[in-house]
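Based on the provided sequences and hints, a complete structural model is requested.
For reference, the chains in residue letters:
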Amino acid sequence: MKNKLRQISWDEFSSMDAMTKAPYMTENGRSFHVLTAQQFTRPMLEELCSLATDVRRIAKTREGSAFLQKQLFEKRAMLYFAQPSTRTYLSFYSACQIIGMQTMNVRDSSTSSEMKGESPEDSVRTFSSYADLIIMRHPAGGFAERIAWMLSNISRPVPVVNAGSGKDQHPTQALLDIYTLARSFEHTDGIDGKKIAFVGDLKRGRTVRSLAWLLTQYQGVKAYFVAPRELQIGEDILGQLDAAGMPYEISYDFEKVIPEVDAIYMTRIQDEWDVNNESSRVNTAAYHFTREHLNILGEHAVIMHPLPRRLEIDPAVDSDPRAVYWRQVRNGMWIRAALMLTIFKHDGAIIDYSREHQL
Amino acid sequence: MKNKLRQISWDEFSSMDAMTKAPYMTENGRSFHVLTAQQFTRPMLEELCSLATDVRRIAKTREGSAFLQKQLFEKRAMLYFAQPSTRTYLSFYSACQIIGMQTMNVRDSSTSSEMKGESPEDSVRTFSSYADLIIMRHPAGGFAERIAWMLSNISRPVPVVNAGSGKDQHPTQALLDIYTLARSFEHTDGIDGKKIAFVGDLKRGRTVRSLAWLLTQYQGVKAYFVAPRELQIGEDILGQLDAAGMPYEISYDFEKVIPEVDAIYMTRIQDEWDVNNESSRVNTAAYHFTREHLNILGEHAVIMHPLPRRLEIDPAVDSDPRAVYWRQVRNGMWIRAALMLTIFKHDGAIIDYSREHQL
Amino acid sequence: MKNKLRQISWDEFSSMDAMTKAPYMTENGRSFHVLTAQQFTRPMLEELCSLATDVRRIAKTREGSAFLQKQLFEKRAMLYFAQPSTRTYLSFYSACQIIGMQTMNVRDSSTSSEMKGESPEDSVRTFSSYADLIIMRHPAGGFAERIAWMLSNISRPVPVVNAGSGKDQHPTQALLDIYTLARSFEHTDGIDGKKIAFVGDLKRGRTVRSLAWLLTQYQGVKAYFVAPRELQIGEDILGQLDAAGMPYEISYDFEKVIPEVDAIYMTRIQDEWDVNNESSRVNTAAYHFTREHLNILGEHAVIMHPLPRRLEIDPAVDSDPRAVYWRQVRNGMWIRAALMLTIFKHDGAIIDYSREHQL
Chain X
22 MKNKLRQISW
32 DEFSSMDAMT
42 KAPYMTENGR
52 SFHVLTAQQF
62 TRPMLEELCS
72 LATDVRRIAK
82 TREGSAFLQK
92 QLFEKRAMLY
102 FAQPSTRTYL
112 SFYSACQIIG
122 MQTMNVRDSS
132 TSSEMKGESP
142 EDSVRTFSSY
152 ADLIIMRHPA
162 GGFAERIAWM
172 LSNISRPVPV
182 VNAGSGKDQH
192 PTQALLDIYT
202 LARSFEHTDG
212 IDGKKIAFVG
222 DLKRGRTVRS
232 LAWLLTQYQG
242 VKAYFVAPRE
252 LQIGEDILGQ
262 LDAAGMPYEI
272 SYDFEKVIPE
282 VDAIYMTRIQ
292 DEWDVNNESS
302 RVNTAAYHFT
312 REHLNILGEH
322 AVIMHPLPRR
332 LEIDPAVDSD
342 PRAVYWRQVR
352 NGMWIRAALM
362 LTIFKHDGAI
372 IDYSREHQL
Chain G
22 MKNKLRQISW
32 DEFSSMDAMT
42 KAPYMTENGR
52 SFHVLTAQQF
62 TRPMLEELCS
72 LATDVRRIAK
82 TREGSAFLQK
92 QLFEKRAMLY
102 FAQPSTRTYL
112 SFYSACQIIG
122 MQTMNVRDSS
132 TSSEMKGESP
142 EDSVRTFSSY
152 ADLIIMRHPA
162 GGFAERIAWM
172 LSNISRPVPV
182 VNAGSGKDQH
192 PTQALLDIYT
202 LARSFEHTDG
212 IDGKKIAFVG
222 DLKRGRTVRS
232 LAWLLTQYQG
242 VKAYFVAPRE
252 LQIGEDILGQ
262 LDAAGMPYEI
272 SYDFEKVIPE
282 VDAIYMTRIQ
292 DEWDVNNESS
302 RVNTAAYHFT
312 REHLNILGEH
322 AVIMHPLPRR
332 LEIDPAVDSD
342 PRAVYWRQVR
352 NGMWIRAALM
362 LTIFKHDGAI
372 IDYSREHQL
Chain U
22 MKNKLRQISW
32 DEFSSMDAMT
42 KAPYMTENGR
52 SFHVLTAQQF
62 TRPMLEELCS
72 LATDVRRIAK
82 TREGSAFLQK
92 QLFEKRAMLY
102 FAQPSTRTYL
112 SFYSACQIIG
122 MQTMNVRDSS
132 TSSEMKGESP
142 EDSVRTFSSY
152 ADLIIMRHPA
162 GGFAERIAWM
172 LSNISRPVPV
182 VNAGSGKDQH
192 PTQALLDIYT
202 LARSFEHTDG
212 IDGKKIAFVG
222 DLKRGRTVRS
232 LAWLLTQYQG
242 VKAYFVAPRE
252 LQIGEDILGQ
262 LDAAGMPYEI
272 SYDFEKVIPE
282 VDAIYMTRIQ
292 DEWDVNNESS
302 RVNTAAYHFT
312 REHLNILGEH
322 AVIMHPLPRR
332 LEIDPAVDSD
342 PRAVYWRQVR
352 NGMWIRAALM
362 LTIFKHDGAI
372 IDYSREHQL
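Residue numbers (the working numbering), protein chains in the order written: chain X, 22 to 380; chain G, 22 to 380; chain U, 22 to 380.
There are no misleading hints in this set.
The list cannot tell twin chains apart, which means a pair is met if one copy fits it or any two copies do.
Derived DSSO-like pairs: lysine-lysine, alpha-carbon spacing no greater than 30 Å straight-line: (1) Lys25 with Lys81; (2) Lys243 with Lys188; (3) Lys216 with Lys188; (4) Lys188 with Lys224; (5) Lys188 with Lys25; (6) Lys137 with Lys224; (7) Lys81 with Lys366; (8) Lys277 with Lys243; (9) Lys277 with Lys224; (10) Lys188 with Lys137; (11) Lys25 with Lys366; (12) Lys216 with Lys277; (13) Lys366 with Lys91; (14) Lys81 with Lys91; (15) Lys224 with Lys243.
Hints are computed from structural coordinates only; laboratory data are not their basis.
As structure tokens, this is what we get:
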């Protein structure tokens, strides 16, 4: 049958760790469901990045756009965003448009009074009745997995893409970060061997956690974690990096790190997770990227940010060619388009077109 | 001219009963406006069900999907939902996508402060200016009819599909129920002669009322009304069935009825109509369909539910092949697509394609 | 490069008056950004009106609709409506559908909690990352200009269409009014030499201000400003008309003006701008258009209204052929389609098709 989640009970599946779960979401090196960053092996990452670049290049011409829009015209994606997120929503939505997939959305499950008393599983199963793909964001950790398991075990299985669930998983954000790094180091031998600094709220940012994990799949990458003590990276992540043999440094001196690294990944303070307004008592000014820092930043280094930005990066930095965070936004659209093409096995058609047209 | 509502004043039209109104909404056996269940004759029902099946089969291939999407590409439907209803909205929306009709929506007329003071008729007439079809849901009974009359009497008439108005009419829900019955009895001689139980809140469910009425058009159907005394079917409906010569039984013993019938139509308690929280004092547990009931249910019988479900059906029942309520959801999409194709006179093209491809 | 706003600093640009700004938004007689009514010269207005008529005629056939939808299929428009406006939104949305441009929307920037702390410029720049065109409505006067300047000065410039900003500019409303006048006087030698009455709240309606200004570009037009003293036209507008040499009359006698004019532009009381509920103390009954007024209105004169209407026009007037306010709504859709085709330089393709098919 279409996917491996049919072969396992929910109790068995849900009690596994992320690495053990991974093979249940894929088949033949392609994702069926996309639930965790951990499900992506290095070959899968490289194929996705290459495919995203193909899509991006093909989209540059009208003829190419028409070709892309013919890929998934007969499919419909349901964007179910129980938690608001304008930018992730728009990114997926644009990606669907690029590859011709029709969309519908449910952005606030509270609108319909008749839904009172319905189980969340029933609601999503209803939505899935109209769709060929569920792209979902939900505040409850694990809910996307539960839905994926359920939608694998019905007569018409529907793949699920996790667009952010709870505090821990946002796998497509990690993919776009990898793609941005891959593009940034396209002419400097790729991600292997690079030094990458993570700056800001490392304690609570799921972005940093997922990206750091994916980077363990590359050779010789070294991480720098630069943050005030109160917001430093968690021991759990460091344990994973130790286990993977990935070197890292903990630092409290941003200006010392800047000239040493190939990429600086800035993050904002995630004060929405504050319990007692604690972020407001942390002085983060020393961890902001200023216009002056451009002078000590390496010539080929890049500055990334998952956005939205607050005070972490001076807007005067935006026009520097090394500031790639706006390009990063569009990379998200391309990698998500690539991902959905892969789920529906249209990657081959894209690669063929790209070769034929020598892109 | 395009429709018969031009030949009659609003006062004259609005004072008619549903049966007398019926011919004003149709022309040559096709609906122009879709306002009531009563406007559908048996031949119209059979043509719609057959067309829905054609659409469903054609949609199974990419070539077929492309053909369907070419049908109404130059039309635009306005989904005007003054009352929230996620599932009806998504069903119509998906149906539009399948047949290539473009959509726009107004889902909350309160958003625009500038609209304060505008008459509801002016608002809908403005919306209709951009559209070729109005699909509307409105809390006020009769409002859809008022709009249909108005939009018949302008220089550019626009058809209106009632997607639920007030307490009484929700004609496309009745159509999808008929289609689900027709599909369920496809290999057992159709709806004629079948025994159908209605269970739950029969007093207030407009779904039951409309479906019971449509079933009077079939031969030898027998209805069973199974509900607690406080929620039993109204005398008005029974009067209509008597007049139509349709036999029925009133029952308070669900387990006695289950083995006797060909279809069980479960409904939830419509406590949104409670005046004084009266539903909470009714014990409905004896009217829930449990896993054990599967053992006494006929081999070819089906379990239906308009959804959302609360406690009426144990989720463990879902995986039984006789539980057709999830299929019922998709049937709504197919029958609505068929209905809109009919309004715009594309039914012939669908039938031709279906024959040519021997579907 | 693509537009002249790259050649000027924001401080320099923002301190200019509307006329001086105009050339920075256009190139070779085509708009790149659409920010003000003042940027449209008479040749531009005439080309847009002619193009709108071409689009309208081409859209009458299925073949023509298909041709139109092929124009901008590879472009995506972001409708960013920070201020709700159902009708302007639907008009632009429909226009995009007609010319095949894909759309996405952000209609309430407050939905996303993560956006707290992000600068408005960053938000729109993020939205623009996914789009080829920004259509924006914003309560802050000047914000659309600020965004246009910013989006001109990035590596991937994106045009901005102002769909209403603050109290002053709503250029596409002025365009649709001009187009409605042009269509109404199609067989009576056009707008030149016509007498046009503005009635109602002339003090606060930006519609009247913009339209009056555009009319100065025509020959021999005379304006009548008919309103209660408290709501009469401002001295600033009259100064502009004086400077342009356009004759006008201030009047308090509506019934005297009606038989004299070729067009009557009715407006509603804009009480949303009331500071102290002052509108409620003004008696406007003498400035309402009643059924009886039809008898004294010229045979070829027209009645316009930007809608929504309150009590300004008796609904009994609607069925008179001289009441063109419902047609005015659809004119907005056609002129906006024409405008966006022009921005993307597809006007030539439309004109060619129109000629070939002798429309």
